[in-house]
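Protein chains in written order, with my numbering: chain A, 1 to 115; chain B, 1001 to 1112.
Derived from the structure by calculation, the hints contain no laboratory data. C-beta: ideal position from N, C-alpha, C; glycine also. It is possible that part of the hints are untrue.
[To be verified] To be clear about the criterion: a stretch of chain B counts as covered by chain A if any three or more of its residues have a C-beta under 8 Å from a C-beta of chain A, and this derived list gives those stretches:
(1) 1038–1045
(2) 1048–1058
(3) 1082–1094
(4) 1101–1111
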Amino acid sequence: AQKITQTQPGMFVQEKEAVTLDCTYDTSDQSYGLFWYKQPSSGEMIFLIYQGSYDEQNATEGRYSLNFQKARKSANLVISASQLGDSAMYFCAMRDDNAGNMLTFGGGTRLMVKP
Amino acid sequence: DSGVTQTPKHLITATGQRVTLRCSPRSGDLSVYWYQQSLDQGLQFLIQYYNGEERAKGNILERFSAQQFPDLHSELNLSSLELGDSALYFCASSTFGQAEAFFGQGTRLTVV
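Using the sequences and the accompanying hints, generate a full structural model.
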């Protein structure tokens, strides 16, 4: 069974600084995908970034990058130059490519950006 | 805007009642997923449909059922509602060859 662990229930970051949100995962499969989603207070789930297990380079999407360390089974999200609008819940998720495309989510990290 | 539409946005109902949540996937997406987000259980996968057929089942109660229609919209039916069913229910859609699933804005169900 897959498991996603986010050990930081809440974090503060100063505006314009970078922040790393931790995510570790557990799977015995070789083919899988890792995702990060943002959930602002309004409730919607916004896709941020994706990393495939066979991708050799870390994924980047604008100010978001995913620090993928396969041997350590970690997929940390790095947000550069934090903005006030980045304050939200962030969820790490994994998709097992051999068991359908459903996502298994971690418990989330609440990020608060201070002005 | 993700392109996934869920209705209604909010729903308040009494224990023992039955409700239907509706989802229209992004244009061209054949897969629809339903997720439940509650305070105690977090985000959990419920069920997946692909082009009208059930593809995968997660932690879905027997009181809950879903279907996907020929026009690809999907409905999640929740019956004999209990207080613990109060949650945010998300629909997501994806298509073959696409990594990410796009989520709708969710339906917030409150059972009183």
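Cβ contact check, 8 Å cutoff: the region 1082–1094 of chain B against chain A, three residues minimum: Three-residue rule met by the region 1082–1094 of chain B, so holds; n is 4.
For the region 1038–1045 of chain B, do at least 3 residues have a Cβ located nearer than 8 Å to some Cβ of chain A? Answer holds; 4 residues pass the 8 Å Cβ test.
Please check whether the region 1048–1058 of chain B has three or more residues whose CB lies within less than 8 Å of a CB on chain A. holds (count 4)
Given coverage of the region 1101–1111 of chain B by chain A, checked by CB-CB distance under 8 Å (3 or more): This one holds; 7 residues, not fewer than the three required, reach chain A with a Cβ under 8 Å.
Of the hints listed earlier, there is not a single one the structure fails to meet.
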